[in-house]
Each structure stands twice: as C-alpha cells, then as structure tokens.
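Asker: On the provided structure of chain A, position chain B as indicated by the hints.
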Amino acid sequence: GENVEQHPSTLSVQEGDSAVIKCTYSDSASNYFPWYKQELGKGPQLIIDIRSNVGEKKDQRIAVTLNKTAKHFSLHITETQPEDSAVYFCAASRRGNDYKLSFGAGTTVTVRA
Amino acid sequence: DTAVSQTPKYLVTQMGNDKSIKCEQNLGHDTMYWYKQDSKKFLKIMFSYNNKELIINETVPNRFSPKSPDKAHLNLHINSLELGDSAVYFCASSPMGSTDTQYFGPGTRLTVL
Numbered sequence: 727g728e729n730v731e732q733h734p735s736t737l738s739v740q741e742g743d744s745a746v747i748k749c750t751y752s753d754s755a756s757n758y759f760p761w762y763k764q765e766l767g768k769g770p771q772l773i774i775d776i777r778s779n780v781g782e783k784k785d786q787r788i789a790v791t792l793n794k795t796a797k798h799f800s801l802h803i804t805e806t807q808p809e810d811s812a813v814y815f816c817a818a819s820r821r822g823n824d825y826k827l828s829f830g831a832g833t834t835v836t837v838r839a
Numbered sequence: 002d003t004a005v006s007q008t009p010k011y012l013v014t015q016m017g018n019d020k021s022i023k024c025e026q027n028l029g030h031d032t033m034y035w036y037k038q039d040s041k042k043f044l045k046i047m048f049s050y051n052n053k054e055l056i057i058n059e060t061v062p063n064r065f066s067p068k069s070p071d072k073a074h075l076n077l078h079i080n081s082l083e084l085g086d087s088a089v090y091f092c093a094s095s096p097m098g099s100t101d102t103q104y105f106g107p108g109t110r111l112t113v114l
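If you're matching them up, the sequences are chains A and B in order. One point on numbering: in the numbering used here, the residue at position 89 of the first sequence is 815, and numbering is uninterrupted. One point on numbering: in the numbering used here, the residue at position 94 of the second sequence is 95, and numbering is uninterrupted.
So that you can see chain A by itself, here it is in the shape it has in the complex:
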C-alpha cells in the first residue's frame, strides 16, 4: 500500500517568513495529493491539492509543488501569519477502486509573532 512520509514534524517560523513542508510517497500510481490544515479542536480542512498532471499550483500565500519522478511534493506558505499556526497533513491517493487516502504524520507549525 501507499506510504507517505512527512517532514519536519514540527516547524517554528517568525511571522512574515516562509514555511515549507515536504512529503514523499511510495506508490508511483498515486495521482492525487491534497494538503489539510487542522486547527486545535477541529477536523482537518483541505487547503490546497494537486493532481499528477500538474507540477505546481498556487492559491494566494499557499503553493504546492509536485515532482513525480522523485515522488515528492511540498507545501509552501509565504508571509506566514499567526493564524497559520496549526497541524498540516499531506496525503496521497490513486485513481481506481481503492478509496483510501493515505496521510503523512503531520507537521505542527507555530508562527511566532
């Protein structure tokens, strides 16, 4: 099955700086890579996703890049703000009858004011 590794496990950044979280996946057939943000006491919420036919996607201060050859994808948050503090999860899945979304272990991001 798919194995998703996520680094780092914790990340502390100064407000205004950038944050980068990296994930690698094992199944070369995976073709969908979402990123979720989980705030304290809440469920994970999708913030951005990318499919395997695209190398990069951007939404305001958030961007995701995908390197299919190396089987890794990254989340980039620019101009970080205190409200970006949360746990971020990457995930991967593949098209087909398998309805499983495999998650990374999460990165706790703290933005220092």
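Simulated from the structure, these hints should not be mistaken for laboratory data.
Here chain A is said to cover these stretches of chain B; the calculated rule only asks that three of the stretch's residues, wherever they fall, bring their Cβ under 8 Å from a Cβ of chain A: (1) 32-45; (2) 106-112.
No farther apart than 30 Å at their CA atoms in a straight line, the calculated lysine-lysine pairs in the BS3-like style are these: (3) A:Lys783 to B:Lys45; (4) B:Lys23 to B:Lys72; (5) B:Lys42 to A:Lys783; (6) A:Lys783 to A:Lys794.
Which bits of chain A does chain B cover? Going by a derived footprint, with three or more residues having C-beta under 8 Å, they are: (7) 771-784; (8) 826-837.
In this text, a Cβ means the ideal position worked out from N, Cα and C, and glycines have one as well.
Answerer: For chain B alone, kept in the frame of chain A given last:
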C-alpha cells in the same frame, strides 16, 4: 449549514461498555469514511462506504461495526470498549472516491476510563 456533522463531540465511558457515534453529511456525497486520530495526531483510515457499500475495512477489530442506513449517514458502533480505543474519531465524506476532496466532520473525542 453544517456539511459533515458528528454526535456526540465528547464521549467518556468505562471499559467494556458499548457506544455509538453518529455521522451525517448534507453534501450529497456518495462516499463516507471513518478515521481514527491517535494522541500523536496520526490519521488512519478505518472504514470507507460508497453508496452504502463497504469499500475499505482497514484491519480494524471486529468490535468496531460501521452502519450506513443511507448515503447521508455512516454511524460507528463500538462494542466492549478498551483503553486503547481512546482517540478522536473523524467522519468524512467525498463526492465519489479517494481522488476527490474529503470533507471532515468536527470529530468525536472518545475517552475510555
């Protein structure tokens, strides 16, 4: 409007008891999921249902029994609760399968004493 709702939000119970968690989605999605999030924040899929049919059962003890009375509901019943069942349980739904965005509920924190 609440997209994916779960009840109860908190559940505290004794070992050996039987309990249920309810989940409802009003998004018209075909697929629903149950995830378990342990104390280290790791998200692990437990079950997936598509159009009321069980798709995934991820090596979950048979003390856990999901029930989907219709496409909009996926309830989780747990028999003979054990200390290790303490976790946060999330329900989620998606339009079709794993390559679609999954929308998570707010979670149910289960504490087994």
